[in-house]
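Novice: Read off the chains here:
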Amino acid sequence: MLNNYQSFLKTRFVGFLLAVFIVSVSSSFSQSITVKGTVVSEEDNEPVPGALISVKGTQKGTVTDIDGSFEIQASVGETLVVSFIGFTTNEVVVTSESTNIQVALAYSTSDLSEVVVVGYGSQTTRDISSAVESISFEDLTKAPVPQIGQMLQGKILGVRVNQTTGRPGEGMRFQIRGSASISAGSEPLYVIDGMPVSGGLNNLNPAEIETISVLKDAAATALYGSRGANGVVLIQTKLARAGKMQIEFDSFIGFDRVPENRNLKMMDAVQYAQFQKETAELNKRPVNPMFQDPASYADSGTNWMDEISRIGTIQSYNLTLRGGSKKFSSAVTAGYFNQEGVVVGTGYERYSLRFNTGFQASDKLKISFNLAPTYATNTNFSSDGNPYGAAGGNIVSSALITTPLVGPYDEDGNLRLTASDPSSFGNPNWLRVAKERVYEDQNLSILSNSIIEYEIIKGLKAKVSANIELNENKIFQFNPSTAGRLFLPPPVIPFGSERNTSLKNWLIENTIDYNKEVNGHKFDVLIGFTSQKSRFENTFINATNYPDDKIQAVSAASQIAVTNDVQEWSLLSYLARVNYNYKNKYLLSGAIRRDGSSRFGPQNRWGNFPSLSLGWVVSEEDFWNIEAISFFKIRSSYGVVGNFNIGNYAFRSSLTPSNYVFGNSFRQGRGVSNIGDPALGWERNKQFNIGTDLTLFNDKVQITYNYYTRISSDLLYNVDIPLSSGFNSLQTNVGELKFWGHEIGINSFLINNDRFSWNSNFNISFDRNETVSLSTAGGVFFHGLSGYGFFSHRTQVGRPLGQFYGAVQDGVYINQQDFDSSPKHSSSQVGTIKFEDLNGDGVITFPGDYTEIGNPWPKYTLGFTNDFSFSNFNLSIVLVGSYGNQILTHYDNWVTNLDGVFNVLEEVKDRWKSPENPGKGLYGSTQAGTTFLERDRWHSRFIKDGSYISVRTISLSYNFPMENNKFIDNLRVYSSVQNAFLFTNYPGTNPEVNTRNSGSGINPGVDENSYPIPRTISVGFNVTF
Amino acid sequence: MKNNIIIATVFLLLVSSCNDFLDIKPETSVTTDQFFDTKDEFDQALIGAYQPLQSIYNMDWVLSELVSDNTYFVFNIANRGPKPMEDFATFTLETNNVHLLNQWTWYYQIISRANQILAKIDDAGFLPADKDKIKGQAMFLRGFAYFELVKKFGGVPLFLEVPDSYSGAFLARSSPDEVYIRIISDLNSAKDLLPTKKNQILGKANLGATYTLLGNVYLTQKKWKEAENILREVLKMEYSLLPNYADLFKPSNKGNVESIFEISYLDGTAFNVGSTFLYSFLPTLSNPSIITGVSPAAQNFGNFNIPAPELLEAYENKEKDIRFSASIGFHTGPSPVPGVFYNNFPYIKKYLQPHARYGETNSNFPIFRFADVLLMLAESLNEQGRGGEAVEYLNLVRSRAGLDNILYISQPDLKEAILKERRIELAFENKRWQDLIRSGKVVSTMNEFGQKVISNPSNYYYPQNTEPLSGSFKVSEFNLIYPIPVREIIVNPDLIQNPGY
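Chains as they are written, first to last, in full-length UniProt numbering: chain A, 1 to 1025; chain B, 1 to 501.
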């Protein structure tokens, strides 16, 4: 039970809120005439419920009911401002006849009066004093793309959306304000219709979305308390709206292809045979007859990447019905999406349905139900990362390094079993692997919201919502005898597995909201209580030693091992917010959330996350007389949010199964697997934001600027400790990080006339971070990839976190003289890689001669969108870019392997061959046994410039004029090119890659080869009846 | 109206239940605060402390046999993945060697789990007699692990309790003497607590194992008299030589009269508790079932720990010595390794026993057996100048093998004879490297061995026109212990690396 102190606090808290209510309720309304009216949609003349009506220059306001009608007190001569999400704002001057006015609203894109969804409510852009970005469906649907993340690339100030892999249906990664991952997650919190979901956005049908808001600073995210540190992405699905039934059908097809210059350039058959010949000669081995005459392969040879690639296809169909009566309205979206990936065997398919309904039971009671089942399947077997994986290796990396001298088919046109030559150890035929390896991922998810809203008295609303996210996932794999892996050529003993996971995540929220305006003082007070629980169950059946390929079910295996896992967490929260606004000039918003989490021990279970923001609309002041600047707001916020992303049971020390044998009996035992830390405390992010919004030159230009700082104190990190302690790592609070940055967004509507318009949106972000203090040994800790015994990343006080850590290459030992006069490693020889002797001790040692060799964080990132409309044509071009970051190309380890066991990059032909022919100083000798330093030590040759500019999307559409058509309201045809062009010096396939972002700990900027990002060309149409 | 507000507020309060909602315990793992109370729980914790032994002895041959002059490997130009294993054989070890890191990790897991038991058992509520048995085993295991660590790495961090905080996880190295003092004190405590073999289930530490281990510790320290005294105690126990040498390694003979301590494995379960070392020792074959008889089978990763020519020659009489055919097999046939054809190719046969599944065997790994005790005793006597007594124990082992007795001639001759007998009798039982170190001849022996490999690579299974890497076999004193895994040095700035690495 709660202890006394907590009870005391709670009593006081509730008492305060009660007092606020009572004072508010008992105050009287001001004296003025009653304006009555209805708000309708300009297009179809249907009522618009829920529209905001405010009296300009005051803080009086109301909302239309289900009939679109409203009633408001106003004086003659005052102006009513009528606004609603997705519509342009309209203004009406109150006259003495204004007893039954009709206000028509037109659909629109963003402007200052746009109503933006924020946490637990909505606000107009002009009233917001925190850092919130929003984007509406109109802006999202210019180009057809499979994934939501792709729609948002380059469009939102301060939000970086990277595509880390081209696997169908996967790989979009959001980073808000350069949020650097240090604990398990840097992903923002995703909230769909008020429900924070666990599964991310991959399986959400983009067609279901109405608006997306991104909350960036603490004042905006404080109501998400312990989960707000990395920002929050709020998604509002298509609302049920009363009005004429509208039917919208949208469909597109597309073709995916990997651009030729976006594959790594490997040696062709001639170069490869030459490489093998020279390697044998250098090592004084006899040259195998197969490599004796490289020129004979001039017209043959296999490009394995091409063999496992194909032209992918995309199909998308969406049908949306929207409308209803005053009592009952609904919005239904049914979608089907199918993508065949560019790698043979991969693909993604999704069936989705969303059913949003609203039921107005009485004037005061409104009930809404949203139900969204989605069934998605994919066949994306392992295709990202290094080729050495025990479970089957990753096909992209493996295919790249397979000998070009052997093709997938034999003389009779049948698929070969293996693809090996005399120099390579046995490899499978990767095309056969792609075709015959079975991978079936089936995912059924249901998201539902039930919402009851009751207006107790005017302005005072109680709302109860119950939200459930259910997810059932099954992944079945079967590796037949014909599908081996690197070093393990078929036939192999068939193996398989089945993973079943089930997620139940529920949230109940109770909120009371009170709106009140007195003499220009407008209050909006919200208090709430929420409870959430999430339970994840996972059962894994590992099946090995199948007798043959005939039956694939796991029960056919002769050896079966079952493991399972249950992960559960719960969260109890109290929240409160006050928005205050005086005469549209002075804005204040204060919020607090108190979270209790099962993830922390009893000593630190509860955390408080307060925030405050202030805004001043300078242009509303009487003294403001600068004509060119029609709107000028200064705003600032400060707040504390938390980071929720630690393991569910991290503070507890636990035991895991640890078995042995006594006699001839199997004995089940247990071993302590981690050191618990009952004092494990919350990581607190203190965030400060100051910014301004400006509108210039008759609303032609809008400028937004933000400066932010974020101090992460008591940083939670699973830090490596000496293994001699008996443990590998310890989850603890290790130190303090500082993040800061500038964001500038410029929206311009430069040309806008009947024939032609040009809008552009430019945004640029400068994000920085620094390690302020660390409690770890020596004020430093190491992390990242450690497979070679040395860590790839170092975080040190005074430096940005996660810097690449390694030796500095200084060419190769060109000749004996160079060798004799240079510091050496014990394995160095003439021709091998040369490193700088950084500690000056005359020899090369590791990590003695390691240092910081690169920075994975960009100096700035930008997005630039241009829209041109001419007559009924619309052309949109989206550019995104990143400058100044570096990438660790771990793939160099296998694609530049000098042992002659793999195919290698074409540029390896310019390696050291002899003192007379020393190459370009990048790659060393192929002398057996001298090559591992080049490959297995982190060094500066792995570090590549990751800057790029990408023409992400070019889309063109045409709207058929339909004014006179009785059946069709709107018909649009469109086509687009996604990933059109990429300008970069980065030699890898994708500068946005981070193969290792899903791992625990931080490994920023690592490329281990991933599924290529295709260029997509699509055409489609959209029709509304 | 006010009532409505109050009702709503009360509703808010009602839902706010207590902290029970937030107290969620893991369902698939036990937390330590719910554990370490009953005998059953301590039994489970003890099983957990034994468990790393299985991983250790699936790979210990790399650190203890392959490194010696007993065995070598087949160089495969197309698969450089096993280089970390080859580096032991060619003396080109690097500080990031994965096998050193693994062994280090596993030994310290044993130590940590033993420490956990010893820290908590006094407060637990069950019979003192039961506690003693558990404590004795925990001390045996901790002593065993520190003994292996000090032999392999020199002085190491001496953890005697489980750290409960970040700073507690950092310890500097203790001196080898400090580690030995703790080992001897742990084993002396254990021998007062542990039952004899017949009162202890097979696989658990018993009195004989503790005495033998302690004797081995003294022998390693060259405290010959102490070693003799302790080992003589083992003679008084229920051990004897098994008549047929080959029977020692049969899974059906686990815990035979000669066995003192062995690492237990079991095949056929769903829990990966079978042994795997056999498959490293077989010739690499597209289909290893032609040797194992087990199918289905896949290409295996063998060709390691291949008996070296020196060892084959060390058998003084291959016909009479029953140990030759019991220990070593030969294979002729094609190989998937580039440039290799197996022509009467030797491989370890001791552990090639019937099993059901590819990659998993039912063979235990012998740690101490009675023949080893007899030879250790002979060595400790001979070193004290009592060769006449020593030779009797040596001849017990020889006559079981089918060889003639030898006579005592001189102390150095007998020392040589005992070393050679240990080499044959305990071949592939991971004794040779430490025996060579104790003999004082390890540096010269391994340099000679290396010169032979370098000058005639094909005798040592190198494919045509391949040879050891330059820089191989430069053996000196520093090679007697291995480098501390570099990860530990990076994470803990207080650790000083061994000289030479």
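Treat the hints with care, as some may be off.
Chain A side only, calculated, beta carbon under 8 Å to chain B, not exhaustive [said to hold, decoys possible]:
hint	residue
1	V287
2	S423
3	K458
4	F487
5	S531
6	W569
7	S570
8	S598
9	Q668
10	G676
11	G779
12	F782
13	Y788
The set of hints was computed from the structure by calculation and includes no laboratory data. Think of the CB as a built atom: it goes at the ideal place given N, C-alpha and C, for glycine as much as any other residue.
Novice: Look at each hint and say if it fits the structure.
Specialist: Structure-based check of all given hints:
Checking A/V287 against chain B: minimum C-beta separation of about 10 Å lies over 8 Å; hint violated. Hint status for A/S423: holds, given a least beta-carbon distance of 6 Å to chain B, under 8 Å. The restraint placing A/K458 at the interface with chain B is violated, with a minimum CB-CB distance near 10 Å, outside the 8 Å limit. Hint status for A/F487 relative to chain B: holds, with the closest Cβ pair at about 6 Å, below 8 Å.
Against a cut-off of 8 Å between C-beta atoms, the interface hint on A/S531 holds, since the closest Cβ of chain B lies about 7 Å away. About 6 Å separates the beta-carbon of A/W569 from the nearest beta-carbon of chain B, less than 8 Å, and the hint is met. Of the supplied interface hints, the one on A/S570 holds, with its beta-carbon coming within about 6 Å of a beta-carbon of chain B, less than 8 Å. Residue-level restraint check for A/S598 holds (minimum Cβ-Cβ distance to chain B is 4 Å; threshold 8 Å).
Because the beta carbon of A/Q668 sits about 7 Å from the nearest beta carbon in chain B, less than 8 Å, this interface hint is met. A hinted interface residue such as A/G676 counts as satisfied when its beta carbon comes closer than 8 Å to some beta carbon of chain B; here the least separation is about 7 Å, so the hint holds. Hint status for A/G779 relative to chain B: violated, with the closest Cβ pair at about 10 Å, above 8 Å. Interface restraint check: A/F782 against chain B, minimum CB-CB distance 6 Å, threshold 8 Å, status holds.
Against a cut-off of 8 Å between C-beta atoms, the interface hint on A/Y788 holds, since the closest Cβ of chain B lies about 6 Å away.
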